[in-house]
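**Student:** Protein sequence lines, in the order shown, are assigned to chains A and B. Under my numbering, the letters of the first sequence match residues 119 to 581, in that order. Under my numbering, the letters of the second sequence match residues 665 to 766, in that order.
The set of hints was computed from the structure by calculation and includes no laboratory data. Take these hints with a grain of salt, some might be off.
Mimicking SDA-like on lysine to any residue, the simulated pairs with C-alpha atoms at most 25 Å apart in a straight line are [stated by the list, open to error]: (1) Lys377(A) with Gly694(B); (2) Lys423(A) with Ile412(A); (3) Lys182(A) with Leu736(B).
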Amino acid sequence: MNSIYILDIIYLIASVTFVIGLKMLSHPDTARKGNLWAAFGMGIAIVGTIFLYESHYATRDSTKLLLIFGAIGIGTIAGWMTAKKVQMTKMPELVSLFNGMGGACAALIGLMEYEHNKGNTMAIATIIAGMIIGSVSFSGSIIAFLKLNGTLNKPVRLPSYNILNTIIMVVLLGVGAYISYDQPEFIFVFGLFVLALIYGVLFVLPIGGADMPVVISLLNSFTGLAAAFGGFLYHNQVMLTGGILVGSAGTILTLAMCKAMNRPLSNVIFGAFGGGSATGGGPEVNGSIKDISISDTAILMNYAKKVVIVPGYGLAVAQAQHVIHELENILEDHGVEVKYAIHPVAGRMPGHMNVLLAESNVSYDKLVEMEDINPEFPNTDVVLVVGANDVVNPAAKTDPSSPIYGMPILDVENAKHIIVNKRSMNAGYAGIDNLLFYNPKNSMLFGDAKDVLTKLVHELKNM
Amino acid sequence: MSELINFLGSNIQMLYIVILSIFVGVEVIGKVPAVLHTPLMSGANAIHGVVIIGAIIVMLNTDSSNILALSLGFVAVVLGTLNVVGGFVVTDRMLEMFKKKK
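The shape of chain A in the complex, shown without the other chains (with noise of 0.2 Å):
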């Protein structure tokens, strides 16, 4: 029996587990499972490495395996700590950063393996591929992390940054072949490295944090890349479908999302989002806003027949989540029918706010999709419209000069009464000017939020 065979049936599982386990993640029933499935299939390719893995140079002394161990060990508490610590609106950005971790640990391979390889053409530019792919990624999730958290929330735009980043790629390409083809001293080799750490910082800069998401799943399907490059640098099947299945899954998923906010993904990329001259000008007002005060909202929802909510981020930043859920308990006590309006990019991701509203318990099948709820909203009651604001604006089909032009909104202004709750008239993360605040069926509810709500759960209790 030899023990190289075991280790390629370990691998073998493991691919499957990987394909299972995101097959599974398909169905809210069985997600759970298919995310531990993968789990699994990881741990026992890990271990099956550690003890079974053989080449010419393979040695495993006492030293050896006690690092090994100890990395493990000291990225298994770090990791695991920080995923149960983090708070579910910060989740957008922890991927991000576990996501750049993967890349850097690519770039790392990449640098290690090249004096080993030269005289092999096709593996040095497999290495050099995974290492440039791995280190853009690392510093451009870097950056998205830095912008997700608020450390860099303002677009920041060098001079012609387009011609300077398409300047930058082709010599990060050109010295990259120049390296497979001529192999000279590593000291390229370490240059192409910081050029490409600071490709992927001049990548994700520009790019406006509503975009961020977009930025995230490519940068994700990046790094499954530069894993697949390595799967082929050692032959290794399972780095190999691991990595192309998630590059696969990540591309599909950033159309989506793209699709979600009606832009081609070059538009987010090269495009002007959040910053320039898209904000200037913004349509004309006229009309006024008008305010509602708590208990005429209390007594508007009350004797509402049916009642859609749509929340946003604000309502997370609010903490708002559990509240809402008690309103929506009230209002269904009182007969009043509750539904949720989810729009596709609500939250900071597709499927953030779902997240969201099950840390509260709300119920999914409350939960409704923007097609299937914009036909309601002609006999829907009253819209209470929660920290949300550019899902919601009219302005996505009307203004053609409107940075989110074309982008599908949920249809509120269709129905018979929309109360919005904000904390103030700032404008939205898209930093636009929202014409639904002037739609004569509109009043706003100024206030924070959980504030608001629990005082407005505090009159229905009372009527």
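Go by the hints and put chain B onto chain A.
**Tutor:** Chain B only, in chain A's frame:
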């Protein structure tokens, strides 16, 4: 040119895996409802942590006296583990919430 052909020829099984995996990835992911997009992104993120296997292989292949390579490998394994463990745990946390319904 001949080098490229030789490379493709000698790696033909790997290329089969690549191409078939692309189709599998597209098929499997294409059906995920929007509700699960964030957990899916997170789960996929954990899976590409498989790159850690490359880091382990580098360490096993490194000469034990090469301190620099060993330390770089050590860092790579730590980073890879963060990706894997953090990714799966976060995904599980998200999905846990979907579970306790009704």
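**Student:** Each hint needs a verdict: does it hold in this structure or not?
**Tutor:** Each hint, compared with the structure:
1. Lys377(A) with Gly694(B): Since the Cα atoms of Lys377(A) and Gly694(B) sit roughly 13 Å apart, the hinted pair holds (cutoff 25 Å).
2. Lys423(A) with Ile412(A): Judged against 25 Å, a Cα distance of about 19 Å means the pair holds.
3. Lys182(A) with Leu736(B): 13 Å, holds
When the structure is compared with the earlier hints, no violation turns up for any of them.
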